[in-house]
Amino acid sequence: MATGHSSLGWLSCLCLLLASPLQAVEVGIAGVFPNKALLVIDGAPPKGVAVGQKTEQGVKLVAVEDGAAIIEVDGKRRTLRVGQSVVSQQSSDRTPTLTLSSDASGHFYATGNINGGTIRFLVDTGATMVSIGASDARRLGLDLRNAQVGYTQTANGTARVYKVLLSTVRIGDVTLTDVDGLVHESDMPIALLGMSFLNRMEMQRDGQRMILKKRY
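Here numbering that gives the first Met the number 0 is used: position 11 in the sequence shown is 10, and no number is missing along the way.
Bear in mind the hints are in silico, worked out from the structure with no lab data behind them. Watch out, some of these pointers could steer you wrong.
[Claimed, not checked] In silico lysine-lysine, DSS-like type, Cα no more than 30 Å apart, as pairs:
(1) K162 with K212
(2) K162 with K46
(3) K35 with K46
(4) K213 with K75
(5) K53 with K75
(6) K59 with K35
(7) K59 with K162
(8) K212 with K75
(9) K35 with K75
(10) K46 with K59
(11) K35 with K53
(12) K46 with K75
(13) K75 with K59
(14) K213 with K162
Note that this is a predicted model, so its numbers are computed, not measured.
Full structure from sequences and hints, please.
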(Lines of atoms letter the chains of each structure in order from A and count residues from 1; the text may use other names and numbers.)
(Lines give C-alpha, C1' and ligand atoms only; values in the text may rest on other atoms or scores of the structure.)
Protein backbone atom coordinates (compact mmCIF):
# COMPACT_ATOMS: atom_id res chain seq x y z
CA MET A 1 0.00 0.00 0.00
CA ALA A 2 1.37 3.39 -0.97
CA THR A 3 1.37 6.02 1.75
CA GLY A 4 3.36 9.08 2.69
CA HIS A 5 4.05 12.29 0.81
CA SER A 6 4.15 10.77 -2.67
CA SER A 7 3.58 7.52 -4.48
CA LEU A 8 4.40 6.63 -8.09
CA GLY A 9 3.18 3.56 -9.89
CA TRP A 10 4.39 3.99 -13.47
CA LEU A 11 4.85 0.26 -14.07
CA SER A 12 1.62 -0.83 -12.42
CA CYS A 13 -0.91 1.71 -13.58
CA LEU A 14 -4.37 1.39 -12.08
CA CYS A 15 -7.06 1.50 -14.76
CA LEU A 16 -10.80 1.94 -14.56
CA LEU A 17 -13.17 1.75 -17.51
CA LEU A 18 -16.04 4.12 -16.87
CA ALA A 19 -19.17 3.61 -18.91
CA SER A 20 -21.30 6.64 -19.79
CA PRO A 21 -24.36 6.88 -22.02
CA LEU A 22 -22.28 8.36 -24.86
CA GLN A 23 -18.82 6.87 -24.56
CA ALA A 24 -16.43 5.05 -22.25
CA VAL A 25 -13.59 6.96 -20.60
CA GLU A 26 -10.52 4.98 -19.58
CA VAL A 27 -8.83 6.46 -16.53
CA GLY A 28 -5.50 5.39 -15.07
CA ILE A 29 -3.54 6.54 -12.02
CA ALA A 30 0.19 6.91 -12.61
CA GLY A 31 0.93 8.42 -9.20
CA VAL A 32 -0.54 10.27 -6.24
CA PHE A 33 0.74 13.24 -4.25
CA PRO A 34 -0.76 15.44 -1.53
CA ASN A 35 -3.76 17.18 -3.14
CA LYS A 36 -2.77 16.02 -6.64
CA ALA A 37 -2.75 12.91 -8.85
CA LEU A 38 -1.29 11.94 -12.20
CA LEU A 39 -4.16 10.77 -14.41
CA VAL A 40 -3.79 8.78 -17.63
CA ILE A 41 -6.96 9.29 -19.67
CA ASP A 42 -7.65 7.23 -22.79
CA GLY A 43 -3.98 6.28 -23.07
CA ALA A 44 -2.69 9.86 -23.19
CA PRO A 45 0.52 10.87 -21.34
CA PRO A 46 0.11 11.34 -17.56
CA LYS A 47 -1.40 14.69 -16.61
CA GLY A 48 -1.25 16.33 -13.20
CA VAL A 49 -4.72 17.11 -11.84
CA ALA A 50 -5.33 18.98 -8.59
CA VAL A 51 -8.05 18.11 -6.08
CA GLY A 52 -11.28 19.77 -7.20
CA GLN A 53 -10.15 20.07 -10.82
CA LYS A 54 -12.12 18.47 -13.68
CA THR A 55 -10.52 17.42 -16.96
CA GLU A 56 -12.01 18.15 -20.37
CA GLN A 57 -13.16 14.52 -20.49
CA GLY A 58 -15.29 15.11 -17.38
CA VAL A 59 -13.06 13.32 -14.86
CA LYS A 60 -12.91 15.17 -11.52
CA LEU A 61 -10.34 14.50 -8.81
CA VAL A 62 -12.34 14.67 -5.58
CA ALA A 63 -9.64 13.83 -3.04
CA VAL A 64 -6.35 12.05 -2.37
CA GLU A 65 -6.50 9.97 0.81
CA ASP A 66 -4.26 7.22 2.20
CA GLY A 67 -2.34 6.78 -1.04
CA ALA A 68 -5.50 6.51 -3.16
CA ALA A 69 -7.26 8.89 -5.54
CA ILE A 70 -11.02 9.45 -5.39
CA ILE A 71 -12.38 10.46 -8.79
CA GLU A 72 -15.86 11.32 -10.03
CA VAL A 73 -17.27 10.66 -13.50
CA ASP A 74 -20.94 11.12 -14.46
CA GLY A 75 -21.76 11.77 -10.81
CA LYS A 76 -20.27 8.47 -9.62
CA ARG A 77 -17.23 8.28 -7.36
CA ARG A 78 -14.54 5.61 -7.42
CA THR A 79 -11.50 5.08 -5.22
CA LEU A 80 -8.42 4.12 -7.24
CA ARG A 81 -5.23 2.79 -5.68
CA VAL A 82 -1.89 2.50 -7.46
CA GLY A 83 -1.05 -1.16 -8.04
CA GLN A 84 -4.65 -2.39 -8.26
CA SER A 85 -6.43 -2.89 -11.57
CA VAL A 86 -10.21 -2.51 -11.61
CA VAL A 87 -12.76 -2.28 -14.38
CA SER A 88 -16.18 -1.07 -13.26
CA GLN A 89 -18.95 -0.82 -15.78
CA GLN A 90 -22.63 -1.33 -16.48
CA SER A 91 -23.36 -4.35 -18.67
CA SER A 92 -25.73 -4.11 -21.63
CA ASP A 93 -28.73 -5.17 -19.53
CA ARG A 94 -27.86 -2.48 -16.96
CA THR A 95 -27.03 -5.06 -14.30
CA PRO A 96 -24.19 -3.71 -12.11
CA THR A 97 -20.96 -5.51 -12.96
CA LEU A 98 -17.51 -5.31 -11.40
CA THR A 99 -14.28 -6.74 -12.81
CA LEU A 100 -11.25 -7.18 -10.54
CA SER A 101 -7.71 -8.04 -11.59
CA SER A 102 -5.45 -10.13 -9.38
CA ASP A 103 -2.15 -8.97 -7.98
CA ALA A 104 1.18 -10.75 -8.54
CA SER A 105 0.27 -13.31 -5.85
CA GLY A 106 -3.07 -14.14 -7.45
CA HIS A 107 -5.15 -12.37 -4.80
CA PHE A 108 -8.07 -10.09 -5.59
CA TYR A 109 -8.43 -6.83 -3.66
CA ALA A 110 -11.10 -4.15 -3.81
CA THR A 111 -11.74 -0.84 -2.08
CA GLY A 112 -15.38 -0.46 -1.10
CA ASN A 113 -17.78 0.78 1.56
CA ILE A 114 -19.64 -0.72 4.50
CA ASN A 115 -22.54 1.42 5.70
CA GLY A 116 -20.95 4.37 3.90
CA GLY A 117 -17.47 3.98 5.43
CA THR A 118 -14.48 3.16 3.23
CA ILE A 119 -12.79 -0.20 3.72
CA ARG A 120 -10.27 -2.38 1.89
CA PHE A 121 -11.33 -5.95 1.05
CA LEU A 122 -9.59 -9.19 0.17
CA VAL A 123 -11.89 -11.45 -1.85
CA ASP A 124 -12.08 -14.73 0.09
CA THR A 125 -14.37 -17.51 -1.12
CA GLY A 126 -13.36 -19.51 1.97
CA ALA A 127 -14.94 -16.95 4.32
CA THR A 128 -18.58 -17.66 5.13
CA MET A 129 -19.44 -14.00 5.63
CA VAL A 130 -18.05 -10.52 5.13
CA SER A 131 -15.59 -10.31 8.03
CA ILE A 132 -13.96 -7.29 9.63
CA GLY A 133 -11.76 -6.61 12.63
CA ALA A 134 -12.61 -4.82 15.85
CA SER A 135 -10.96 -1.49 15.01
CA ASP A 136 -12.69 -1.33 11.62
CA ALA A 137 -16.03 -2.07 13.30
CA ARG A 138 -15.52 0.83 15.71
CA ARG A 139 -14.50 3.16 12.88
CA LEU A 140 -17.60 2.17 10.92
CA GLY A 141 -19.83 2.72 13.95
CA LEU A 142 -21.19 -0.84 14.12
CA ASP A 143 -23.29 -1.53 17.22
CA LEU A 144 -22.41 -4.90 18.75
CA ARG A 145 -24.56 -4.65 21.87
CA ASN A 146 -27.32 -6.84 20.47
CA ALA A 147 -25.12 -8.91 18.16
CA GLN A 148 -25.21 -12.71 18.27
CA VAL A 149 -21.98 -14.04 19.80
CA GLY A 150 -20.22 -17.01 18.26
CA TYR A 151 -16.79 -18.55 17.81
CA THR A 152 -14.62 -19.26 14.80
CA GLN A 153 -11.41 -21.18 14.24
CA THR A 154 -8.40 -19.13 13.15
CA ALA A 155 -4.71 -19.84 12.64
CA ASN A 156 -4.16 -18.69 16.24
CA GLY A 157 -6.95 -20.81 17.70
CA THR A 158 -10.57 -20.13 18.59
CA ALA A 159 -11.71 -16.50 18.42
CA ARG A 160 -14.92 -14.80 19.46
CA VAL A 161 -16.98 -13.16 16.72
CA TYR A 162 -20.15 -11.09 16.60
CA LYS A 163 -22.75 -11.64 13.89
CA VAL A 164 -24.19 -8.40 12.52
CA LEU A 165 -26.39 -7.28 9.64
CA LEU A 166 -24.63 -4.75 7.42
CA SER A 167 -27.06 -2.23 5.95
CA THR A 168 -25.03 -1.75 2.76
CA VAL A 169 -21.88 -3.17 1.21
CA ARG A 170 -20.75 -1.35 -1.92
CA ILE A 171 -17.89 -1.94 -4.36
CA GLY A 172 -17.83 0.21 -7.49
CA ASP A 173 -21.31 0.20 -9.05
CA VAL A 174 -22.42 -2.87 -7.07
CA THR A 175 -24.40 -2.20 -3.89
CA LEU A 176 -25.96 -4.94 -1.75
CA THR A 177 -28.23 -4.35 1.23
CA ASP A 178 -28.74 -6.40 4.40
CA VAL A 179 -25.53 -8.42 4.14
CA ASP A 180 -24.59 -10.80 6.97
CA GLY A 181 -21.25 -9.94 8.53
CA LEU A 182 -18.89 -11.08 11.27
CA VAL A 183 -16.92 -8.76 13.53
CA HIS A 184 -13.86 -10.35 15.14
CA GLU A 185 -13.03 -9.37 18.71
CA SER A 186 -9.45 -8.60 17.62
CA ASP A 187 -8.09 -6.57 14.72
CA MET A 188 -7.66 -8.07 11.25
CA PRO A 189 -5.01 -7.01 8.70
CA ILE A 190 -7.72 -6.60 6.05
CA ALA A 191 -11.47 -7.13 5.75
CA LEU A 192 -12.64 -10.28 3.97
CA LEU A 193 -15.23 -10.15 1.20
CA GLY A 194 -16.86 -13.46 2.00
CA MET A 195 -19.69 -15.58 0.65
CA SER A 196 -22.54 -13.58 2.23
CA PHE A 197 -21.66 -11.02 -0.48
CA LEU A 198 -20.29 -13.31 -3.19
CA ASN A 199 -23.27 -15.72 -3.12
CA ARG A 200 -25.42 -12.85 -4.36
CA MET A 201 -23.19 -12.36 -7.39
CA GLU A 202 -22.54 -14.29 -10.58
CA MET A 203 -18.80 -15.03 -10.48
CA GLN A 204 -16.59 -15.73 -13.48
CA ARG A 205 -12.82 -16.22 -13.67
CA ASP A 206 -11.04 -15.21 -16.85
CA GLY A 207 -7.31 -15.65 -16.34
CA GLN A 208 -6.24 -12.91 -13.94
CA ARG A 209 -9.67 -11.32 -13.93
CA MET A 210 -12.69 -11.98 -11.73
CA ILE A 211 -16.03 -10.74 -13.05
CA LEU A 212 -18.80 -10.17 -10.52
CA LYS A 213 -22.34 -9.51 -11.74
CA LYS A 214 -25.12 -8.68 -9.29
CA ARG A 215 -27.85 -11.33 -9.06
CA TYR A 216 -30.12 -9.78 -6.40
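These are the hints, each one checked on the structure:
1. K162 with K212: holds, 26 Å
2. K162 with K46: violated, 46 Å
3. K35 with K46: Holds: K35 and K46 sit about 10 Å apart, inside 30 Å.
4. K213 with K75: Since the Cα atoms of K213 and K75 sit roughly 18 Å apart, the hinted pair holds (cutoff 30 Å).
5. K53 with K75: Status holds; Cα separation ~14 Å.
6. K59 with K35: Between K59 and K35 the Cα gap is close to 11 Å, so the pair holds against 30 Å.
7. K59 with K162: violated, 38 Å
8. K212 with K75: holds, 18 Å
9. K35 with K75: Given that 30 Å is the threshold and the Cα spacing comes to 19 Å, the pair holds.
10. K46 with K59: This hinted pair holds, its Cα atoms lying about 13 Å apart.
11. K35 with K53: It holds: about 12 Å lies between the C-alpha atoms, which stays within 30 Å.
12. K46 with K75: holds, 21 Å
13. K75 with K59: holds, 10 Å
14. K213 with K162: holds, 23 Å
Of the numbered hints listed earlier, those contradicted by the structure are 2 and 7.
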